[in-house]
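**Q** These protein sequence lines are chains A and B, in that order. Each residue of the first sequence is one higher than the one before, starting from 1 at the first, in our numbering. Each residue of the second sequence is one higher than the one before, starting from 1 at the first, in our numbering.
Don't read these hints as lab results, they were simulated from the structure. This one's a predicted model, so the numbers in the text were calculated from it and none came from an experiment. Some hints could be false.
[Said to hold, decoys possible] Listed next, the stretches of chain B that the computed footprint assigns to chain A, with coverage defined by at least 3 CB atoms under 8 Å from CB atoms of chain A: (1) 51 to 63; (2) 112 to 122; (3) 218 to 230.
Think of the CB as a built atom: it goes at the ideal place given N, C-alpha and C, for glycine as much as any other residue.
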Amino acid sequence: MASKEALAVAKKQGTLGYRIKQNRACYVMMAPYFILFFLFTVLPVLISIALSFTYFNMLEWPTFNGWNNYIKLFLEDDIFLISLKNTLIFAVVTGPVSYMLCLLFAWIINEFSSKIRTLLTLIFYAPSICGNAYMVWSLILSSDRYGYLNGILIKLGIINEQKLWMQDAKLILPCLIVVQLWLSLGTGFLSFIAGLQTVDKSMYEAAALDGVKNRWQELWYVTLPAMKPQLMFGAVMQITQSFAVADISIQLAGNPSVNYAGATVVTHLMDYGSTRFDMGYASAIATVLFLLMVGTNKLVQKVLGRVGE
Amino acid sequence: MAKAAAQTMKKRYRFFKPREKKLNRSMAGNGLLFFIMAICGFFMALPLVMIINNCLKPLDEIFQYPPKILVRNPTLENFTDLFMVMNDSWVPFSRYILNTIIITGFGTVGHVILASLAAYPLAKHDFPGKKMLFSMVVLSMMFSWQVTQTPNYMIISWLGINNNYLALILPACQYGMGLYLMKQFMEQLPSSLMESARLDGASEYQIFWKIVMPNVKPAWLTLAIFQFQQMWGNTGAMFLRDEQLKPLQFALQQISAGGTARAGAAAAVTFVIAAVPILFFLICQSNVLETMTTSGMKE
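Between the sequences and the hints, there should be enough to build the whole structure, so can you do that?
**A** In structure tokens:
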């Protein structure tokens, strides 16, 4: 008898309604954030996805045109394919490299004493906080002899005449990658620094007793596993940033850039969205980019699951 | 006894060697790291150096061609120029400052609190719908904001908060990044910490304010830096029509858009626009880095 009653109680506790009631406090705590989130993020995203199946010029009511935007995107739009290629190169190079740089610099900074640490963090975060900091690169990469890079290379005798860094189709992408790497110590970097502060110090002492001999071993066996949540966060931020590169390309190489050598998916999107007022097509581009990022995210999360093993 | 002795030892040790001691460190490694940081630091500091030098340049140096990064005859006349332009403005400049304080203040504090409140159950409780809500937040960051701007504008119009501070503050409170960041940090906290408080009869809110938040201080200070930067950079030009509602950023950008005649004031504006978030950054970041020495709450 008793076991039957227990079973009934257990059944009751297992029901969805009971579990929702049990966690009422949780839902109340989350409510303010998620109400705003649904209004200002979920709804706009859903509307955008719906718009990607329409022709919408932001003046007239959108007209449904089925898969046409997507068909045009992959079969007729050569520039989209170029921009997709550029974005993939960008993401494959800058994504992992700048992720590593963020981690490396955060970790090195953590090695210094606390007074120097704040200063170093500021210096390395400076490109992200100084608004249009990449304008310094338009001085460096200026295509006349007065550009800093040209000047130095000519003086050293490495090149004979100035290079057109931002007008030569072959040079644009490599230059943009360098600038992007320079700019990339942002969100992920600061969260790694904060993450390093929360690693329990007694773990280092325990590890030292267990035979960890140098700082490199300590990094792999103690620090990295301890900050796995931050590593995951950094990876997602890295994906969203390296796939969405647009600003530096537009500022330094122009939109459209020479022979579309600096075109990325997002510059292409902005070209259609804000220059040609074809919001339906721009939404289709955004949806494709979104799916691309979601796929990459799945892959990266799998890889990161193995850290410290 | 032994404990007290250890504590005095610790104090004395601190007195002589204020740096925290680290295990497993070699001199050669320290030297190498210092060398790397010096070289990279030089390149990373370039924008800071340029902004500071630019705002001190007299007009003839600003227009000099080829441009030089370093200033030769530093002067403060760009700032006096800026103040003169500010005094001429149509709406008193203090009004812009007040607007910025309201928008940036509520946007930052509101986001940090709402995101943390929502992150705590996601990190430390198990309830129906948890996985779905969380993955929605993460995935939402991957959709290009350029496209959602138009629907966003429509929604704000429907809500009737157009031309109102709320049009900037409410959307700012729900950015996905903040929730994700807070959730990741809260996940690291040992559950036993909360369990013992629950046994003592603390409500979920008390646990959140008294135990969770103090323990993830580095996280919310970092989030505050991001959010402040975001809010400070917002001109609000899309939603705010009344001149009396516009933030400082808008007024400053108007000044620097004044062309050649205001090149000096524009250089000063660039400095001011960068200096405020840097100041905020320094305050928060030094607190983030301080927590290391005081944290002892964890097991």
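**Q** Each hint should be assessed against the structure and marked as holding or not.
**A** So, going through the hints one by one against the coordinates:
Taking a C-beta to C-beta cut-off of 8 Å, the region 51 to 63 of chain B contributes 1 residues in contact with chain A, too few for the three needed, and the coverage statement is violated. Coverage of the region 112 to 122 of chain B by chain A holds. Counting CB-CB distances below 8 Å, 7 residues qualify, and the rule asks for three or more. For the region 218 to 230 of chain B, the proposed coverage by chain A is satisfied: 7 residues have a C-beta within less than 8 Å of a C-beta in that chain, meeting the threshold of three.
Taken one by one, the earlier hints fail for this structure only at number 1.
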